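Participant: Protein chains in written order, with my numbering: chain A, 1 to 281; chain B, 1 to 328.
If you're looking for bench data, these hints aren't it; they were derived computationally from the structure.
Fair warning: there could be bad hints in the mix.
As the list claims (entries may be wrong) - Only some residues are given here: those of chain A computed to face chain B with a beta carbon under 8 Å:
(1) Y154
(2) R277
(3) G280
What the hints assert, rightly or not - Within a straight-line C-alpha distance of at most 16 Å, the following computed EDC-like cross-link-like pairs (lysine to aspartate or glutamate) qualify:
(4) B:K55 <-> A:D270
(5) A:K33 <-> B:D218
(6) A:K33 <-> B:D104
(7) A:K192 <-> A:D181
Computed from a predicted structure; not experimentally measured.
Backbone N, C-alpha and C fix where the C-beta goes; we use that ideal spot for every residue, glycine too.
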Amino acid sequence: MVAAGRDGRPGIPTNPPLIRRILTAFIANEVRKVGVERVVVGLSGGVDSALSAMLAAEALGPTNVLAIKMPYRLSSAESLSHADQVIERARIESLQVDITPQIDAYFARFPDADNMRRGNKMARERMTILYDHSARWKALVLGTSNKTELLLGYGTLYGDMASALNPLGDLYKTQVWALADAVGVPDAIVHKQPSADLWAGQTDEAELGFGYREVDALLYMMVDLRYSRAELHAAGFSEAFVRRVGDMVRNSQFKRRLPVIAKISNRTIDRDFRYARDWGR
Amino acid sequence: MVRPQFTVAVAQISPRLGDVDANLAMYEERVRAARAAGAALVVFPELSLTGYFLKDMVSTVALRLDAPEVNRLRALSRGGALLAGLVEETPDYRFYNSAVYFEDGEITAVHRKVYLPTYGLFDEGRYFARGECLRAFDTQLGRAATLICEDMWHPSTVYVAALDGALTVFCPSTSPLRGISDGQEQDNNARYWELLNATYAQTFSLFIVYANRVGFEDGVGFWGGSEIVDPNGARLAKAKYYEEDLIVAEINLKHARRQRVASPLLRDENVDLTINELLRIRGRELEAAARAAALQPAGSPPHGQVVGGAAASQGKRPRGARHVGRQR
Chain A
1 MVAAGRDGRP GIPTNPPLIR RILTAFIANE VRKVGVERVV VGLSGGVDSA LSAMLAAEAL
61 GPTNVLAIKM PYRLSSAESL SHADQVIERA RIESLQVDIT PQIDAYFARF PDADNMRRGN
121 KMARERMTIL YDHSARWKAL VLGTSNKTEL LLGYGTLYGD MASALNPLGD LYKTQVWALA
181 DAVGVPDAIV HKQPSADLWA GQTDEAELGF GYREVDALLY MMVDLRYSRA ELHAAGFSEA
241 FVRRVGDMVR NSQFKRRLPV IAKISNRTID RDFRYARDWG R
Chain B
1 MVRPQFTVAV AQISPRLGDV DANLAMYEER VRAARAAGAA LVVFPELSLT GYFLKDMVST
61 VALRLDAPEV NRLRALSRGG ALLAGLVEET PDYRFYNSAV YFEDGEITAV HRKVYLPTYG
121 LFDEGRYFAR GECLRAFDTQ LGRAATLICE DMWHPSTVYV AALDGALTVF CPSTSPLRGI
181 SDGQEQDNNA RYWELLNATY AQTFSLFIVY ANRVGFEDGV GFWGGSEIVD PNGARLAKAK
241 YYEEDLIVAE INLKHARRQR VASPLLRDEN VDLTINELLR IRGRELEAAA RAAALQPAGS
301 PPHGQVVGGA AASQGKRPRG ARHVGRQR
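Start from the sequences and build out the full structure, keeping to the hints where you can.
Facilitator: Have a look at this one:
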């Protein structure tokens with residue numbers, strides 16, 4: 001079942017037609033069963049949100065997808081143009097909300113905030129806009145976080161990580177690229193350097209210190225295939241790399257759980273009070 | 001009186017999680033459609049009356065076999081047969097993952113799932129009591145057995161069902177899609193099941209009616225792909241992957257006869273050999289446990305008694321280890 005990659009490591013399977021079929025069925029099912037027909041999605045100009053939006057258009061129909069572009073004054077012009085290309089190609093609804101006034105008003109009060117704080121604030125501001133429009137438009141917020149960034153903790157808690165349903169959450173970046181290519185995301189978007197575009201010149205890979213394909217190969221073996229440290233070293237990953245990535249995964253587990261609740265009663269939420277999100281649907 | 005030739009349908013549905021009334025309505029509609037297509041028997045997926053990821057809802061959706069909802073199923077089976085998947089509640093308040101075979105208004109057999117997966121995404125052992133029986137049963141459509149999903153991943157169950165005389169094995173299932181490989185139409189779990197069904201059908205020369213569901217619960221999708229497989233391992237009918245469907249096929253028990261004449265594997269099966277070897281292996285395990293218990297420090301055995309230790313030290317065979325067949 002696991003094909004060998006070029007370097008003898010197990011390759012990450014892609015199978016775009018199958019994944020596309022499953023994800024469009026997932027979106028249609030999990031949206032409609034709660035009595036809703038539409039989704040809103042934050043379109044950044046990056047490949048993840050482009051893919052998410054296009055899958056949703058296929059699943060629900062283009063008029064049922066609202067893409068919201070939320071630039072800040074330091075966002076690259078290219079990002080906005082790429083977002084427009086997706087909107088045009090997928091023929092989805094769109095809206096632009098500039099977040100500059102509210103962000104700048106806040107940081108006028110705290111001018112010594114560093115880039116990380118500013119980036120997180122922007123991500124959370126975008127989340128609040130999406131949720132407001134999901135209420136306004138009777139839609140669900142569609143997520144765009146992929147498995148690589150979720151495992152590494154490379155996302156803002158309650159920011160870009162917040163959504164009602166996330167079709168990409170079990171796909172590594174490598175698989176996102178393959179699927180985006182097959183689904184018709186514009187080439188320029190598929191092939192550009194990933195960036196959160198939170199400050200000028202930011203790129204994911206420079207910030208992380210390693211490439212996505214490299215870390216995906218490691219994460220696939222570490223997480224999906226449950227290789228031990230020794231087995232990962234034998235597969236050619238350096239001890240330092242394995243240790244660093246392992247630490248990132250462990251240290252970001254808090255981002256993937258509900259807040260820790262102190263147990264007092266015999267039946268505590270999310271521990272012994274257990275129901276599906278699809279309760280009764 | 002057994003009909004050696006009959007039409008069976010599989011209703012590949014997408015149940016609503018925790019909504020028994022809605023799912024009963026689905027059952028009624030599907031049975032109407034299947035009867036219109038000439039089916040004498042309609043097979044539904046595992047837990048299709050309730051949905052799968054019930055969690056704390058198990059006790060809420062559970063049904064006693066004399067419940068009004070179950071009476072609706074009795075009524076629905078009049079003039080034919082149907083196999084339903086539901087949560088069964090016993091008079092002493094245990095809950096089972098059960099498949100109930102109804103024939104012409106009455107319950108013919110109940111199978112309680114014996115292997116409850118409790119690993120990975122599964123948590124059945126938390127909520128359900130384990131079934132303790134594997135029995136073939138007689139129906140108007142021949143002798144059959146029901147095995148639920150995970151039950152079939154243990155070859156021992158199909159083995160027992162075949163030796164108990166089943167010519168058809170019904171496998172109601174609620175199988176999640178997972179694992180992908182390049183260039184494959186279906187997910188890996190689907191492909192694994194297909195290999196299993198074909199292999200078992202041929203190895204035990206019987207029919208397999210595999211009934212899976214579709215839809216999603218909390219992001220977990222179910223792969224559908226229901227199928228009816230003949231004793232040659234060939235597919236008589238195949239449902240769509242990932243979409244609702246209704247498949248129908250004609251089962252002719254004479255095909256099992258033909259297969260068993262050509263390939264008498266079941267006739268040649270040496271059941272005494274299997275039993276003896278299993279007893280030997282089990283006895284070895286029990287003796288090892290008894291030896292380990294006997295090596296505990298004096299004065300500190302749990303509950304004041306070393307279970308099995310006394311027997312081992314006296315050189316007796318552990319209780320239950322009988323040799324069957326001819327003595328050597």
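Participant: Holds or violated: is there a CB of chain B closer than 8 Å to the CB of A:G280?
Facilitator: The hint holds - A:G280 has a Cβ within 8 Å of chain B, the shortest such distance being about 5 Å.
Participant: Is the hinted pair A:K33 and B:D104 satisfied, with a Cα-Cα distance of at most 16 Å?
Facilitator: violated, 35 Å
Participant: Taken at face value, is the distance from the CA of B:D218 to the CA of A:K33 at most 16 Å?
Facilitator: holds, 11 Å
Participant: Has the given pair, A:K192 with A:D181, been kept, meaning a C-alpha gap of at most 16 Å?
Facilitator: Cα-Cα ~12 Å, so holds.
Participant: Starting from B:K55, check that the Cα of A:D270 is at most 16 Å away, please.
Facilitator: holds, 11 Å
Participant: Would the hint on A:Y154 be counted as holding, given a Cβ-Cβ threshold of 8 Å to chain B?
Facilitator: Check failed: Cβ of A:Y154 comes no nearer than 21 Å to chain B, outside 8 Å.
Participant: Using the nearest Cβ pair, does A:R277 come within less than 8 Å of chain B?
Facilitator: holds, 5 Å
The structure fails hints 1, 6 (numbered hints given earlier, in ascending order).
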